[in-house]
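Q: Here the protein sequences line up with chains L, Z and E, keeping their order.
At position 173 of the first sequence (counting the first as 1) the number is 173 in the working numbering, and the numbers step up by one without a gap.
At position 211 of the second sequence (counting the first as 1) the number is 211 in the working numbering, and the numbers step up by one without a gap.
At position 264 of the third sequence (counting the first as 1) the number is 264 in the working numbering, and the numbers step up by one without a gap.
Because the hints were derived from the structure by calculation, they are not lab data.
From the three backbone atoms N, C-alpha and C, an ideal C-beta is built for every residue, glycine too.
Hints are not guaranteed to be accurate.
[Unchecked claim] The following label-pair restraints were derived from C-beta to C-beta distances:
hint : chain 1 : residue 1 : chain 2 : residue 2 : range
1    : Z       : 60        : E       : 43        : 40 to 48 angstroms
2    : E       : 76        : Z       : 253       : 31 to 39 angstroms
3    : Z       : 102       : L       : 17        : 51 to 59 angstroms
4    : Z       : 72        : E       : 66        : 38 to 46 angstroms
5    : Z       : 64        : E       : 160       : 29 to 37 angstroms
6    : E       : 135       : Z       : 72        : 44 to 52 angstroms
7    : E       : 43        : Z       : 62        : 52 to 60 angstroms
8    : E       : 33        : L       : 285       : 55 to 63 angstroms
[As the list claims (entries may be wrong)] Footprint (simulated), chain E over chain L, 3 or more residues, beta carbon under 8 angstroms:
hint : segment
9    : 100-110
10   : 122-135
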Amino acid sequence: MTKLLSVENLCRHFPVRVPGQGVSALFGRPATLRAVDGVSFSLEAGRTLGVVGESGCGKSTTARLVLGLMSPTAGKVWFEGQAVPAKRDRRWRALRQRMQMVYQDPLSALDRRLPAITQVMEPLTVFNIGTPAERREKAQELMASAGLTPHLFGRYPHELSGGQRQRVVLARALILEPSLLVCDEPISALDVSIQAQVINLLLDLQERFNLAFLFISHDLKVVRQISHEVAVMYLGRIVEQGDPESLFQHPAHPYTQALVSAIPSPWRRQEAKRIVLEGDPPNPVNVPSGCPFHPRCPHAMPACRVSAPELTDIGGGRKAACHLLTTANGPPANVSPIHVSAVSTA
Amino acid sequence: MFYFLIARGFRALVTIFLVLSFAFVILRLSGDPALLILSPDAPPEAIEAFRQGWGLDAPVWKQYLGYFLNLAEGNFGQSMRDGRPAIELVAERIPATLAITLPAFALKLLIGIPGGIFAALNRNSLIDRLVMSLSVAGYTVPSFVLGLILVLVFAVKMGWLPSGGYTSPAHIILPAITLGLGGAAILARFTRSAMLEVLGQPYIRTASAKGLIWRLVVTGHALPNAAIPTVTIVGFMVGSLIAGAVVVESVFAWPGVGRLLVSAVANRDLAVVQAILLLVAACMVASNLIVDALYGWIDPRLRTGRNLKAGG
Amino acid sequence: MTDLPIAPVAAVTADAERSKLSRFLEAYPPLVLFGITWIGTMLAVALLADVLAPYSYSALDLKARLSPPVFVGGSWAHPLGTDELGRDVLSRLVYSIRISLLIAFASTIISATIGVTLGLLAAHFRGWVEQLVLTLVDFQASMPFMIIALAVLAFFGNTLTLFICLMGFYGWERSTRIARGLTIAANEQGYAASVRDIGASPFRIYGLHVLPNIASTLIVSITLTFPEVILLESGLSFLGLGVQPPMTSLGNMVGYGREYLQSATWILLAPSFVIVMTTFSISMVGDWLRDRLDPTLR
Numbered sequence: 001m002t003k004l005l006s007v008e009n010l011c012r013h014f015p016v017r018v019p020g021q022g023v024s025a026l027f028g029r030p031a032t033l034r035a036v037d038g039v040s041f042s043l044e045a046g047r048t049l050g051v052v053g054e055s056g057c058g059k060s061t062t063a064r065l066v067l068g069l070m071s072p073t074a075g076k077v078w079f080e081g082q083a084v085p086a087k088r089d090r091r092w093r094a095l096r097q098r099m100q101m102v103y104q105d106p107l108s109a110l111d112r113r114l115p116a117i118t119q120v121m122e123p124l125t126v127f128n129i130g131t132p133a134e135r136r137e138k139a140q141e142l143m144a145s146a147g148l149t150p151h152l153f154g155r156y157p158h159e160l161s162g163g164q165r166q167r168v169v170l171a172r173a174l175i176l177e178p179s180l181l182v183c184d185e186p187i188s189a190l191d192v193s194i195q196a197q198v199i200n201l202l203l204d205l206q207e208r209f210n211l212a213f214l215f216i217s218h219d220l221k222v223v224r225q226i227s228h229e230v231a232v233m234y235l236g237r238i239v240e241q242g243d244p245e246s247l248f249q250h251p252a253h254p255y256t257q258a259l260v261s262a263i264p265s266p267w268r269r270q271e272a273k274r275i276v277l278e279g280d281p282p283n284p285v286n287v288p289s290g291c292p293f294h295p296r297c298p299h300a301m302p303a304c305r306v307s308a309p310e311l312t313d314i315g316g317g318r319k320a321a322c323h324l325l326t327t328a329n330g331p332p333a334n335v336s337p338i339h340v341s342a343v344s345t346a
Numbered sequence: 001m002f003y004f005l006i007a008r009g010f011r012a013l014v015t016i017f018l019v020l021s022f023a024f025v026i027l028r029l030s031g032d033p034a035l036l037i038l039s040p041d042a043p044p045e046a047i048e049a050f051r052q053g054w055g056l057d058a059p060v061w062k063q064y065l066g067y068f069l070n071l072a073e074g075n076f077g078q079s080m081r082d083g084r085p086a087i088e089l090v091a092e093r094i095p096a097t098l099a100i101t102l103p104a105f106a107l108k109l110l111i112g113i114p115g116g117i118f119a120a121l122n123r124n125s126l127i128d129r130l131v132m133s134l135s136v137a138g139y140t141v142p143s144f145v146l147g148l149i150l151v152l153v154f155a156v157k158m159g160w161l162p163s164g165g166y167t168s169p170a171h172i173i174l175p176a177i178t179l180g181l182g183g184a185a186i187l188a189r190f191t192r193s194a195m196l197e198v199l200g201q202p203y204i205r206t207a208s209a210k211g212l213i214w215r216l217v218v219t220g221h222a223l224p225n226a227a228i229p230t231v232t233i234v235g236f237m238v239g240s241l242i243a244g245a246v247v248v249e250s251v252f253a254w255p256g257v258g259r260l261l262v263s264a265v266a267n268r269d270l271a272v273v274q275a276i277l278l279l280v281a282a283c284m285v286a287s288n289l290i291v292d293a294l295y296g297w298i299d300p301r302l303r304t305g306r307n308l309k310a311g312g
Numbered sequence: 001m002t003d004l005p006i007a008p009v010a011a012v013t014a015d016a017e018r019s020k021l022s023r024f025l026e027a028y029p030p031l032v033l034f035g036i037t038w039i040g041t042m043l044a045v046a047l048l049a050d051v052l053a054p055y056s057y058s059a060l061d062l063k064a065r066l067s068p069p070v071f072v073g074g075s076w077a078h079p080l081g082t083d084e085l086g087r088d089v090l091s092r093l094v095y096s097i098r099i100s101l102l103i104a105f106a107s108t109i110i111s112a113t114i115g116v117t118l119g120l121l122a123a124h125f126r127g128w129v130e131q132l133v134l135t136l137v138d139f140q141a142s143m144p145f146m147i148i149a150l151a152v153l154a155f156f157g158n159t160l161t162l163f164i165c166l167m168g169f170y171g172w173e174r175s176t177r178i179a180r181g182l183t184i185a186a187n188e189q190g191y192a193a194s195v196r197d198i199g200a201s202p203f204r205i206y207g208l209h210v211l212p213n214i215a216s217t218l219i220v221s222i223t224l225t226f227p228e229v230i231l232l233e234s235g236l237s238f239l240g241l242g243v244q245p246p247m248t249s250l251g252n253m254v255g256y257g258r259e260y261l262q263s264a265t266w267i268l269l270a271p272s273f274v275i276v277m278t279t280f281s282i283s284m285v286g287d288w289l290r291d292r293l294d295p296t297l298r
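Chain L with its partners taken away, still in its complex shape (with noise of 0.2 angstroms):
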């Protein structure tokens, strides 16, 4: 199978100024903040990655330097076989009909002085595409798709519930049908309720339309429900990749752990405990040396400090970046298995 969306060594450094001494402190020392740092992926037409992560680990950044939306530092993002365009040409518009994006906050994603219907017939419009009439025939049919009924398609944003606006948010972003879809958070704004039908609705049209789903999240449960594949992110760089129910089943690297063992469960042993991380939270404009994740790592070998580990095979079809688990010492060795039982979300 032929790979929708590969991504190179992708890198985004921001130059930013820190507090500093003396005559520096007038206009601050300038220092690199490292939002993503090495990431290399793929996706293959109709499947979903799930992108997780806390918060500034650098998982909207990937979402826009994979949509063009930013250019990288370094690195390649080759989408259908033709690489990205950093610059917003006409090359890059033309590959908006491809791939689109959807929001965290539907309601600030949408115009508030604009009825629904006219904001998902807006792409059309954007790259003139068809007359007016066949524009609202397919927006009607898209917004009908996506599980809305028609005497809500003249309703203006703010007369909607949030689950209504993440689905004309998801009709405008279908409607140039694209093959790839990237969705940023999109239904940490919504009631738990709404997540459910939400995420069902992504399943539904992704069969309907083969979508590939670029999934950012930062929650597991869910990123679990929905992913092919699962990519776990820290300061900048994937620590661990492999399909979701080995990686929650059997965390290998040890932040996985860390957040697996961070999700709630009613069924969780009593010997399971809870990993909590010690030391400061990770900040990218200062990353330590060495493998990013040393500082808070309970297992950290001197060896953590020296050399960033690769993102190598560990078999069963998954990666991973530790030291721990490619050096002679196997894997970390008071780590059991956590067992994490089926998540249910309905």
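Please arrange chains Z and E on chain L, whose structure you already have, making use of the hints.
A: What follows is chains Z and E alone, placed relative to chain L:
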């Protein structure tokens, strides 16, 4: 704090530089200064001599440089009416202007700030409505109308006070009141909305909920926080002490900087206009710097210089 | 007894009527209604000046110089009296309203256009363009506009066109601040960003999405600039440096009328009254609009 002030000082220099350039550009755009300052029917030799004397035949950048050098030496040009240095003409008018702007300033502070605070603390009361109505009136009645009405009532009809001129302290009263009332109205409005904003904040509710006496809540928490926006507008008023009385001085025939400016504009006495423009700019910039220093003193966030970016 | 069942019904209707009226008065306070009426009247006067004015604004009636208004000893020939040259005060007032409103309207439109354009440019390009615009904003905000206006008038002389353009620089910095702030907010997260991500052109983003969304806030701020322009214009005209004779404006009339403060107060009072009422009405309506349209702006 120190660095914050340095950054602000830098900004002040930029403002002064902009004003100077503005004056230079306008001066050059407005036509040939030789023809403007001398009369158009002056003999050609005189015009030529003037051009050479002012360096007007030099390239523009050289003129620009020379202009700054002249200003740096305190040479603001000469009034074309009596040939005296412009800066001297302006300087001798300053005391007269301050004689009405300083009492007016005191009036603004004494009426405006307590009025605003009182109105905010008694929101929607009769007094609040009264203060706000007066404030709207003060804002919508132009100073020349207010001045003329005061003259009409107190000078013409009652004959209590002189209507214009500059001979006794009684002459100060009407212009100072005219100027002070308008400013007090603006200040009251500002203070009231700043106070209302602060009084609605959670920390005020917390302070009163934990049982602090309301008077202490107001003096200890609300007033210092409401002072921050109010200081800005007061700073602007300080900056316009020198030239904020243009219209009022005209109404009362008061021999201050404002009237000098009006007659200089009417006579196109460019050197005098320019000197006043620069003087006003210097005052505004200086008062802005004082306001910034006060900010640092009132607002502890700025004192440490941490909020450098937000502050700039 | 027969009217017993009717009485409560009547009372209910009266109650309903009253609450309807009080609800109406709550939404449209009397002062605001008055303001709207006054502004409407002034607009009508400005538009219909040629029809309404009984005389030309420069027509002399030397036989009736300094004639007082009709109820203080004057005649219906000159309802608001005449000035020292026998010119009809009512006619001059009507034409003054036209000129003053024309200047205020044109200047406010210029100021809003400059302000919004610079604000959008600053928000779109960021970087040094934004810094430049912000420096200009700071400069404008830190200098009293009256002084700048006087300096420009001194250097350039005075024509009506120049005067309007000059007034057009009043208050632009407020529109710039608002437009820039709101546009940056819209661009960073939200509807503008999402339309941009679709691939829409900047003209579409700003013209169709951003401007309509920020219009209400902008209009409120512009409404508050308008009376200030009237005050500024009348102040300069009062000093004799604004609108030049033979043309007449409200401030101009007050300025010439002050010579007759003792003998013919009406020359000065009529235009003063119109200035105060007009600025008052616009401020009232502006404040009311602000409370209705934009509760976040104080």
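Q: Broken hints, numbered, in rising order?
A: Violated hints (numbers, rising): 3, 4 and 6; every other hint is consistent with the structure.
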